[in-house]
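**Q** Next come the chains, spelled out residue by residue.
Protein chains: 2
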Amino acid sequence: MAIVVGYVATREGRAALKRAAEECLLRNAKLIVISSHRGGSKDFDADEASQFEAELARVARQLQDEGLEHEVRTLVRGNDPAEDLISVAEAENADFIVIGLRRRSPVGKLILGSNAQRILLDASCPVLAVKAE
Amino acid sequence: MAIVVGYVATREGRAALKRAAEECLLRNAKLIVISSHRGGSKDFDADEASQFEAELARVARQLQDEGLEHEVRTLVRGNDPAEDLISVAEAENADFIVIGLRRRSPVGKLILGSNAQRILLDASCPVLAVKAE
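Residue numbers (the UniProt record's numbering), protein chains in the order written: chain A, 1 to 133; chain B, 1 to 133.
Looking at chain A on its own, in the form it has when it is part of the complex (with noise of 0.2 Å):
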C-alpha cells in the first residue's frame, strides 16, 4: 500500500504532506512524496532550486526520524503536476493521493485551481484534498 502526495512549499503543502504521512504511519503503509516541475528554463531560477531541495531534503530527514517508508521523488518531465501525481498514483497502485487546496479567499472567489480540479476528475483512486492548519 502507498499514499502519494504532491509536495509543494507552501501552508497547504506541507499540511498535506502531514496529513499523508500520518494516513501512512495509520495503515502501514509506504508515502511516496512527489515534487514536479515542468523543466525547462522558464521553470527555473537557481536560487529558489536550491531553497526547494533544502526543504526537501528536510522533509526527508523528518520522514526517516518518523521511521516512516518513502520515497521523495523529483519528476522533471514536462508534465503538469496533475499528470505527474495520477501516473505515479496508477503505477503505484495507490490508496490515495493528498493534495493541498488553498481555503476560499477572503472576497470569497472560488480558488480551486486547474491541478487540483485535474486530479479530482481524473484520478481513479481516492482523494484527500487537506487545508493549511
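A portion of the hints provided could be inaccurate.
[Unchecked claim] List of simulated lysine-lysine pairs, DSS-like, C-alpha gap at most 25 Å:
id, chain 1, residue 1, chain 2, residue 2
1, B, Lys18, B, Lys30
2, B, Lys18, A, Lys30
3, A, Lys18, B, Lys30
[Unchecked claim] Rough simulated footprint, nothing fancy, chain A against chain B, three-plus residues with beta-carbon under 8 Å:
id, segment
4, 55-66
5, 90-103
6, 126-132
Think of the hints as simulated: they come from the structure by calculation, not from any bench.
On a predicted model such as this, the values are computed, not experimentally measured, just so you know.
Every residue gets a Cβ at the ideal spot worked out from N, C-alpha and C, and that includes glycine.
Start from chain A and add chain B according to the hints.
**A** Structure of chain B alone, referenced to chain A:
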C-alpha cells in the same frame, strides 16, 4: 472521532459510503451519514422519497451488521447539501468529510459540481473525494 459522508443513491454515493465505512473501521471512528434535502414541494416526489427511505434503511442495517458505530441523519433545513455537510462536520469536529465524485465525462467535459466545489473549498476539515468503482 467521526467521519461525515454525504449520501446520495448513485454509484458515486455508494462508493463514498463504502470508503467512509472502511476508514471508520480503520481508525475506530463513528460514521455520520447525512442525507440532505432542501425541502419544499419542488424537492419532494412521494415515490422517490419512499425509495430513498428504503435505501437509507438498507444502509443503516448494513452498518449495523458491520458493527460500526453510526448515525443516519436526514436533514430538511432548506440548505444546500454542501452547507449541511460542512455544518455537521464542524459541529462534530469531524476527522474528514467523504464525498462521491463523478469521473470526467466521455467528452472530457469538467463536471466538478458546485456542491463538490463548495465542500472542497469551504470545509475546514479535509475532504476525501471518491469515484465509483
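**Q** Now tell me if each hint is right for this structure.
**A** Checked hints:
About 14 Å separates the Cα atoms of lysine 18 of chain B and lysine 30 of chain B, which keeps this hinted pair within 25 Å; it holds. A hinted pair counts as satisfied when its Cα atoms are at most 25 Å apart, and lysine 18 of chain B with lysine 30 of chain A qualifies at roughly 23 Å. For the hint linking lysine 18 of chain A to lysine 30 of chain B, the alpha-carbon distance of about 23 Å falls within 25 Å, and the restraint holds. Interface restraint, the segment 55-66 of chain B with chain A: violated (0 residues with C-beta to C-beta distance below 8 Å; minimum three).
With a threshold of 8 Å between beta carbons, the proposed coverage of the segment 90-103 of chain B by chain A holds, since 3 of its residues qualify and at least three are required. Counting residues of the segment 126-132 of chain B whose beta carbon lies closer than 8 Å to any beta carbon of chain A gives 6, which reaches the threshold of three, so the coverage claim holds.
Going through the hint list in order, the structure does not satisfy hint 4, though it satisfies all others.
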